[in-house]
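Novice: Sequence:
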Amino acid sequence: MEISREAKIVSGIVLIIVPTIEYGGVFLLSLLRHGDATYMQNVLRQSLMRAGHAHAGVIIILSLICQLFADVARLPPGLIWLVRVGMPASAVLLSAGFFLSVTPSEAISVGPFIALAYAGAILLGVCVLVLGIGLLRAR
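Residue numbers (the numbering used here): 10 to 148.
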């Protein structure tokens, strides 16, 4: 199977972004290792920061796989680009929503940035549905 130029470009950009996910993991690990009180005593902050990091990693991997699927799906060019760009964008939006919603270290409830997580989830859902339908049409 030949990989399209578009898939190579988007995948290359996504792979260049992966170190930011690694940095997030190092950041969370440093909070744990140093026993940062504002992190250790705030269960909400711990949960949302872990969720942000985990979603970023998993959805980025899925977005790389979807680049290959987009090459064989029967979709109009606009929808293919929605999938190509929307998948990694959903990872960014979801993660940003989780992290930014508990930006104040003393946060006891989610802040307004949680809307980014919902936007990312909707974008992810749309992209996988569009790609799935395109793949079924490509039989």
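Just so you know, not all the hints are guaranteed correct.
[As the list claims (entries may be wrong)] Taking CB as the label site, the calculated pair distances span:
{"id": "1", "residue 1": "R83", "residue 2": "P121", "range": "36 to 42 angstroms"}
{"id": "2", "residue 1": "D45", "residue 2": "I74", "range": "33 to 39 angstroms"}
{"id": "3", "residue 1": "P113", "residue 2": "R83", "range": "45 to 51 angstroms"}
{"id": "4", "residue 1": "D80", "residue 2": "G44", "range": "22 to 28 angstroms"}
{"id": "5", "residue 1": "L144", "residue 2": "P121", "range": "21 to 27 angstroms"}
{"id": "6", "residue 1": "R146", "residue 2": "M49", "range": "46 to 52 angstroms"}
{"id": "7", "residue 1": "L53", "residue 2": "I131", "range": "21 to 27 angstroms"}
{"id": "8", "residue 1": "A63", "residue 2": "A128", "range": "16 to 22 angstroms"}
{"id": "9", "residue 1": "I131", "residue 2": "D80", "range": "43 to 49 angstroms"}
{"id": "10", "residue 1": "R59", "residue 2": "A124", "range": "36 to 42 angstroms"}
{"id": "11", "residue 1": "G120", "residue 2": "L71", "range": "24 to 30 angstroms"}
{"id": "12", "residue 1": "R59", "residue 2": "G21", "range": "24 to 30 angstroms"}
Keep in mind that the hints were calculated from the coordinates and are not lab data.
Ideal Cβ placement from N, Cα and C applies to all residues, glycine included.
Novice: For each hint, tell me whether it holds in the structure or not.
Specialist: To see whether the hints hold, each was checked on the structure:
Hint check: R83 to P121, Cβ distance near 40 angstroms, so the stated range 36 to 42 angstroms holds. Restraint check, D45 to I74: a C-beta distance of roughly 35 angstroms satisfies the suggested window 33 to 39 angstroms. Checked against the hint of 45 to 51 angstroms, the C-beta distance between P113 and R83 comes to roughly 47 angstroms, which is consistent with it. Look at D80 against G44: about 48 angstroms separates their beta carbons, and that is not inside 22 to 28 angstroms.
The hinted range of 21 to 27 angstroms is not satisfied by L144 and P121, whose Cβ atoms lie roughly 36 angstroms apart. R146 and M49 have their C-beta atoms about 51 angstroms apart, which keeps the hinted 46 to 52 angstroms range intact. L53 and I131 have their C-beta atoms about 23 angstroms apart, which keeps the hinted 21 to 27 angstroms range intact. For the pair A63 and A128, the beta carbons lie near 18 angstroms from each other, so the given range of 16 to 22 angstroms is met.
For the pair I131 and D80, the beta carbons lie near 25 angstroms from each other, so the given range of 43 to 49 angstroms is not met. Range check, R59 to A124: about 20 angstroms between beta-carbon atoms, so the 36 to 42 angstroms window is missed. Checked against the hint of 24 to 30 angstroms, the C-beta distance between G120 and L71 comes to roughly 27 angstroms, which is consistent with it. For R59 and G21, the Cβ-Cβ distance of about 28 angstroms falls inside the hinted range of 24 to 30 angstroms, so the restraint holds.
Hint violations for this structure: numbers 4, 5, 9, 10, all remaining hints satisfied.
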